[in-house]
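From first to last, the protein sequence lines are chains R and E. Residue 240 in my numbering is what sits at position 240 of the first sequence, and the numbering runs on without skipping anything. Residue 25 in my numbering is what sits at position 25 of the second sequence, and the numbering runs on without skipping anything.
Please note that the accuracy of each hint is not assured.
What the hints assert, rightly or not - Capping the alpha-carbon separation at 20 angstroms, the derived lysine to aspartate or glutamate pairs in DMTMM-like fashion look like this:
(1) K136(R) with D87(E)
(2) K86(R) with E24(E)
(3) K232(R) with E206(R)
(4) K136(R) with E8(E)
(5) K136(R) with E85(E)
(6) K454(R) with E436(R)
Think of the hints as simulated: they come from the structure by calculation, not from any bench.
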Amino acid sequence: MPYDEALERFEPVLGLETHVELGTESKMFCGCSTTFGAPPNTHVCPVCLALPGSLPVANAKAIESTIRIGLALNCSIAEWCRFARKNYFYPDMPKNYQISQYDEPLCTEGYLDVQVEGKTVRVEIERVHLEEDTGKSTHVGGATGRIQGADYSIVDYNRAGIPLVEIVTKPVEGTDRLAPEVARAYVTELRELLRSLGVSDVRMEEGSLRCDVNVSLMPRGSSEWGTRTETKNVNSLRSVERAVRGEIERQAAILADGGRIIQETRHFHEDSGATTSGRSKEEAQDYRYFPEPDLVPIAPDPAWVATLKAELPELPSVRRARLQAEWGVSDLDMAAMHNAGAIELVEATVAAGAPAADARKWWMGELARRANETGTALADLPITPGDVAKVTELVSSGALNDKLARQVLEGVLAGEGTPEAVVESRGLRIVNDEGELSAIIDQVLADNADAADKVRSGKIAAVGALVGGVMKASRGKADAGRARELILEKLGVEG
Amino acid sequence: MSAITRDEVAHLARLSRLALDEGELDHFAAQLDQIVGAVARVAEVAAGDIPPSSHALPLTNVFRPDEVRPCLTPEQALSGAPAVEDDRFRVPRILGEEA
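Can you make the complete structure from the sequences, with help from the hints?
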């Protein structure tokens, strides 16, 4: 069903579960390295392989990071809590269970405010808990390389035991048609928050930040939630938005036909944007949780928690508000910079000496256009904030005009070196030499006698064509303002 | 009254991928019921002033510093595996009959 029609008939309720691999050196319960991309089964030991007699010991840094995440999300920190065993029989954990937290999470009851179309939406956080990541299974045989229809699987346990934080929102109601945007804004804001805390490298493409999206629909006018589905494998910000939108459309079509939504896990497909059914949740969910007897309880000292809270860095939303005030830009411009990933770049350009307005102009104008054309992120363009600051300096000192500055940026992006080097090698300096400019003007006046006569006879507007001729003849290097003055002077007309 | 029913044993057997026949279900249901009954006797001595515990030692906050320690080699890690392919543990199909 088309999105607009779906929204006329139904109201979506969202829920987001985000898994974050912490950036610790070692695993959650053993000393194995957490480095990504190592050859299979080289980061394993008796603990994470569950060999008999081995015992887990919790990683202090991971506990600390989880508490810091909770604090940054305005959560209460448990005074006493335990790990729990989540029992299941997939071989992605060699223990036949995953150490997780169940009814005693480390952090509860928080919130994260996100901005969507100029409005603040408060997403409430249900819980933040700590668990261990699973191994990586590769399914062999069958047509699709997926678990269904595979003949057997092969497992690499390098990832098994890497500390994993799960952040679960409460159901988010009242987002209405903005549900996809709210979901995306939440994951974006959460990712920035986690990055500012320095607890994870939050790379969605490497799986260090993974998102499951829950969606249900209720008929307009009803307050009773519908059956929800959980879409997994949503591995980019854009996909979060697409997955919510797609699931709203799919569920609305089923409900409008009098059908029933099955509570199930669905898999998102990056190429088509569609979801397909995974295993049914009703079948699989019997994890028989119980407190983990191999680990002692965690009881964070309130004084330590208070210190961690006091030492939190400036959070992204606070930082944005401060920068917005410093730069004096509108909410809309700030949101545009945020969406374009330009805030750090503008900030660094300002730090390198450029006025904020100029820094914003180049990053959000010419450079954003280039990034868009080449399909790269702004931050990945081969130009530094220092380069941009240098260009703004050359413009404000009168050595370049905007047109030449664009050519300098183009040169830097093409790998021709620093802005100064590009100015030098391409010969891109405004012609300030009056003699040279005067010669160019004489030539242009001679070539455009008609226009020159019009100006002489009082049609001052015709001077534009002459200035254009000078700019063309100088290949953009003349100072247009000075050229105009000189032309009028030579023609004996008062400007 | 039985604490463990025959249906619960069947459910657990399915989750554990154990193929139990009818006779075995009865057999284990009775055995497990006795075991649970024996453990339940502990509850009789637990007084109201004894908090429930999941651990034998009165300890909290046993942590290790975040330091990398040597791992096993893949040869060592895989030496006990019934089947190996491409330096990975090879396991039977996962979804089995549910596929």
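Here's how the hints hold up against the structure:
The suggested pairing of K136(R) with D87(E) holds, with an alpha-carbon distance near 13 angstroms, which does not exceed 20 angstroms. For the suggested pair K86(R) and E24(E), the alpha carbons sit about 26 angstroms apart, so the restraint of at most 20 angstroms is broken. Proximity of K232(R) to E206(R) is assessed by CA-CA distance (about 15 angstroms); at most 20 angstroms being required, the pair is judged to hold. Between K136(R) and E8(E) the CA atoms are separated by roughly 31 angstroms; this puts the pair beyond 20 angstroms, and the hint is violated.
For a cut-off of 20 angstroms, the pair hint linking K136(R) to E85(E) stands: about 14 angstroms separates their Cα positions. The suggested pairing of K454(R) with E436(R) is violated, with an alpha-carbon distance near 25 angstroms, which exceeds 20 angstroms.
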